[in-house]
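Colleague: In order, the protein sequence lines correspond to chains Z and A.
If you read the first sequence in my numbering, its first letter stands for residue 1, the second for the next number, and so on.
If you read the second sequence in my numbering, its first letter stands for residue 1, the second for the next number, and so on.
In short, the hints are calculated from the structure, not lab data.
These numbers were taken from a predicted model, which means no experiment stands behind them.
Be aware that one or more of the hints could be misleading.
Claimed, not checked - Chain Z is nowhere near these chain A residues, computed Cβ spacing over 10 Å in every case:
{"#": "1", "residue": "K6"}
{"#": "2", "residue": "K7"}
{"#": "3", "residue": "A34"}
{"#": "4", "residue": "A37"}
{"#": "5", "residue": "V75"}
{"#": "6", "residue": "V79"}
{"#": "7", "residue": "G107"}
{"#": "8", "residue": "I171"}
{"#": "9", "residue": "G175"}
To be verified - The list that follows gives simulated cross-link-like pairs (lysine to aspartate or glutamate, DMTMM-like), each with its CA atoms no further than 20 Å apart:
{"#": "10", "chain 1": "Z", "residue 1": "K80", "chain 2": "Z", "residue 2": "E124"}
{"#": "11", "chain 1": "A", "residue 1": "K92", "chain 2": "Z", "residue 2": "D35"}
{"#": "12", "chain 1": "A", "residue 1": "K173", "chain 2": "Z", "residue 2": "D160"}
{"#": "13", "chain 1": "A", "residue 1": "K40", "chain 2": "Z", "residue 2": "D203"}
{"#": "14", "chain 1": "A", "residue 1": "K100", "chain 2": "Z", "residue 2": "E124"}
{"#": "15", "chain 1": "A", "residue 1": "K173", "chain 2": "Z", "residue 2": "D215"}
{"#": "16", "chain 1": "Z", "residue 1": "K80", "chain 2": "Z", "residue 2": "E70"}
{"#": "17", "chain 1": "Z", "residue 1": "K174", "chain 2": "A", "residue 2": "E97"}
{"#": "18", "chain 1": "A", "residue 1": "K92", "chain 2": "Z", "residue 2": "E124"}
{"#": "19", "chain 1": "Z", "residue 1": "K73", "chain 2": "Z", "residue 2": "E44"}
{"#": "20", "chain 1": "Z", "residue 1": "K162", "chain 2": "Z", "residue 2": "E60"}
{"#": "21", "chain 1": "A", "residue 1": "K92", "chain 2": "Z", "residue 2": "D203"}
{"#": "22", "chain 1": "A", "residue 1": "K100", "chain 2": "Z", "residue 2": "D140"}
{"#": "23", "chain 1": "A", "residue 1": "K92", "chain 2": "Z", "residue 2": "D215"}
{"#": "24", "chain 1": "Z", "residue 1": "K102", "chain 2": "Z", "residue 2": "E44"}
{"#": "25", "chain 1": "A", "residue 1": "K40", "chain 2": "Z", "residue 2": "D160"}
{"#": "26", "chain 1": "A", "residue 1": "K100", "chain 2": "Z", "residue 2": "E69"}
{"#": "27", "chain 1": "Z", "residue 1": "K174", "chain 2": "A", "residue 2": "D169"}
Note that beta-carbon positions come from the ideal geometry of N, C-alpha and C, so glycine has one too.
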Amino acid sequence: MEKRTDKNSYTIIFAIGMVLVVGSLLAFASASLKDRITTNRELERQQNILYAMGINENDESNAVFVSTEEAPKLFSEYIKKQLVIQGDKTTEDNEAYLIDVKKEQTNAKDGKERRLPLFIGEREGVTYYIAPIRGKGLWDAIWAYVAMDDNMVIQGAFFDHKGETAGLGANINKRFFMDDFIGEDLMNNGKFVGVNVAKGNADPLNIDKTDNEVDAIAGATITGDGVSAMLRSELKLYVPYFENLKNK
Amino acid sequence: MGLLSKKDAKLILDPLADDNPITIQVLGICSALAITAELKASLVMAISVIFVLGIGNVVISLIRNIIPSKIRIIVQLIVVAALVIIVDLVLKAFAYELSKTLSVFVGLIITNCIIMGRFEAFALGNGPWRAFLDGIGNALGYGVILIIVGFFRELLGSGTLFGIPVLGDPIAKTGLYSIGYENNGFMIMPPMALIVVGIIIWVQRSRNKALIED
C-alpha cells in the first residue's frame, strides 16, 4: 500500500506549507532585526572612515576600531565636512556617509550622473580627504575607505570584503596589507596612475613610496588585482576635485 | 560514561576517529580545503558546523515522519539554509563584529555535504536525541581534522598560530628564520590542504588496518 506521505497531493501540500512557514519565519526575523542591523552598518561606516584617517585603537599588530559607542561623537568631532561631488558641482550634505556606493555605480552604468561622497577630516592640524570606493574581489564585493592629502598621497586606508577566501584574500583587512598603502603616491609625474598590488615586487619592505606599488599577498592574486583595479578606476573619479583644489 | 549509554557515546566518539566524516567517509572535503589556511578560520568553521549540524539534525529528526520522501532532499536543504540565515541575521543584529568573521562561512555551511549526509543517513531514521548526538559527533570529527590541517598549514605556511608569530619574524630574520628557515608558500594554497588530509588518512589507516578497504 502506498504510504500517506508518498502521495503527490500530500507532497505538494507539504511543499507549499513548508515554503509558507520558512518564508514567514525568515521574513519575520529579517523585519524585526532590520533596524538594529541598519544601525550597526551605519556605525561601521563611521568607524571605517575614522579608521582611514588614523583614528582607531590599533594595538601592535591588529586593526581595532574605535568603539561603537564613541563612533558617532568622534565622527562629528573629526569629520569637518561631508561633500557630494556631482559633475562640476560640489555640495555639502551631512548624510553623505550614508550614500550607497554600489547604488551610485549602478546609476552611473544606467547613464545617470554618479554622486561621489567625500569626507574632509581634520586631525592635529592635518587635513584628510577620505573617499569610499567599491570593487570586485575573487568571490564577491570588496570596498575601501582611502584617506588622502591634497596631493593625492594616501594617508591611510581601510579595506574590507564580503566573501574573500579566509587566510588568503580575506587578509586585505589586516594591517600588514593596509599599512603598506600609507604614504603611497597615487600620482606619477602629475598624472593619476593609482597604486598597484604587485606580485614580484622588488620592494617587499615597501620603502619606496613613489613606485605606485605595494607588495601583494601570496595566494590572493585575484583579490589583489581587484584592489588595484578598484583604486585605479574609482579614485580616478576624484582627480578633477583635487585639481580644482589646487587651482583655487 | 554515566551520562550517556554505551550506544549513545558511540555516536559521539566514532566520528572522531574510526568513522571520521573527512578521513573515512570523505565528505566535506571542499570546505576543509578552502578555509584551513588559518587556524582561527578552521576553529570558527568547526564551531559553526557543530551548531548547525546539532540543531539541524534535531529539526529533521522531529519532522522525519511527515517529510514526503520525493522531496526530502529539498526539505533538508531548506532547513539548513533557513537555520544558517537566521543565525546570521541574529549575529548581525547583536554581535556585528562576530558576524563579519562568520558571514564568509555561511555559504560554505549550507553546501557542506556532511550536513546533508547526516540528515539523509541518520536524522531521517532516528529520534531527536540520538540525532543530536550524531550531529555533534560528526561535526566534532569534522572540526578536529579542520583544526589539525589548519594548525600545520598556518604554522608551516605563515609561521604563525592564530595570527601570532611563533617561529620568529621572517623579514627581520629572527628566531628560526635566522638559521635559514623559510615559510613554505605552498602550504597556504588549497592543494596542500589535500596533501595534509592525505597524510592524515595514511597515518590513520596504517595504525588501524581494519579501515583499509579492498
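Colleague: Each hint: holds or not?
Modeller: Hint check:
1. Under the 10 Å C-beta cut-off, the non-interface status given to K6 (chain A) relative to chain Z holds; the minimum distance is some 33 Å.
2. A cut-off of 10 Å between C-beta atoms confirms that K7 (chain A) is not in contact with chain Z; the least separation is 28 Å.
3. For A34 (chain A), the shortest C-beta to C-beta distance to chain Z comes to about 7 Å, within the 10 Å cut-off, and the non-interface label is violated.
4. Consistency note on A37 (chain A): stated as away from chain Z, yet its beta-carbon is not over 10 Å from all of that chain's, at 3 Å minimum.
5. A beta-carbon of chain Z is positioned within 10 Å of the beta-carbon of V75 (chain A); the least distance is around 6 Å.
6. Remark: the non-interface label on V79 (chain A) conflicts with the geometry, its nearest Cβ contact in chain Z lying 8 Å away (cut-off 10 Å).
7. The non-interface label for G107 (chain A) is inconsistent with chain Z: the shortest C-beta to C-beta separation is roughly 7 Å, within 10 Å.
8. Under the 10 Å C-beta cut-off, the non-interface status given to I171 (chain A) relative to chain Z is violated; the minimum distance is some 7 Å.
9. Listed as outside the interface, G175 (chain A) is consistent with that label: its C-beta sits roughly 16 Å from the nearest C-beta of chain Z, beyond the 10 Å cut-off.
10. Simply put, K80 (chain Z) and E124 (chain Z) have alpha-carbon atoms about 13 Å apart, close enough for the 20 Å limit, and the pair holds.
11. Annotation: proposed proximity of K92 (chain A) to D35 (chain Z) holds, straight-line Cα distance about 11 Å (limit 20 Å).
12. Taking the CA atoms of K173 (chain A) and D160 (chain Z), the gap is about 30 Å. The hint is violated against a cut of 20 Å.
13. In summary, the hint linking K40 (chain A) to D203 (chain Z) is not supported, as the alpha carbons are separated by about 30 Å, beyond the 20 Å threshold.
14. Between K100 (chain A) and E124 (chain Z) the alpha-carbon distance is near 32 Å, which puts this suggested pair outside the 20 Å criterion.
15. Taken as a hint, the K173 (chain A) and D215 (chain Z) pair is honoured in the structure, with Cα atoms around 18 Å apart against an allowance of 20 Å.
16. Simply put, K80 (chain Z) and E70 (chain Z) have alpha-carbon atoms about 17 Å apart, close enough for the 20 Å limit, and the pair holds.
17. Note on K174 (chain Z) and E97 (chain A): the hinted pairing holds, with a Cα-Cα distance of about 15 Å set against a maximum of 20 Å.
18. Distance check on the hinted pair: K92 (chain A) and E124 (chain Z) sit about 35 Å apart at the alpha-carbon level, beyond 20 Å; violated.
19. Taken as a hint, the K73 (chain Z) and E44 (chain Z) pair is honoured in the structure, with Cα atoms around 13 Å apart against an allowance of 20 Å.
20. With a C-alpha separation of about 25 Å, the suggested pair K162 (chain Z) and E60 (chain Z) falls outside the 20 Å cut-off, and the hint is violated.
21. Proximity of K92 (chain A) to D203 (chain Z) is assessed by CA-CA distance (about 40 Å); at most 20 Å being required, the pair is judged violated.
22. Of the pairs offered as hints, the one joining K100 (chain A) and D140 (chain Z) holds, with about 14 Å between alpha carbons and a cut-off of 20 Å not exceeded.
23. The hinted pair formed by K92 (chain A) and D215 (chain Z) fails the criterion: a straight-line CA distance of about 33 Å is larger than 20 Å.
24. As the CA atoms of K102 (chain Z) and E44 (chain Z) are separated by approximately 16 Å, the hinted pair is consistent with the 20 Å bound.
25. For the hint linking K40 (chain A) to D160 (chain Z), the alpha-carbon distance of about 18 Å falls within 20 Å, and the restraint holds.
26. Straight-line distance between C-alpha atoms of K100 (chain A) and E69 (chain Z) comes to about 18 Å, which keeps the hinted pair within the 20 Å bound.
27. For the hint pairing K174 (chain Z) with D169 (chain A), the CA-to-CA distance comes to about 17 Å; that is within 20 Å, so the pair holds.
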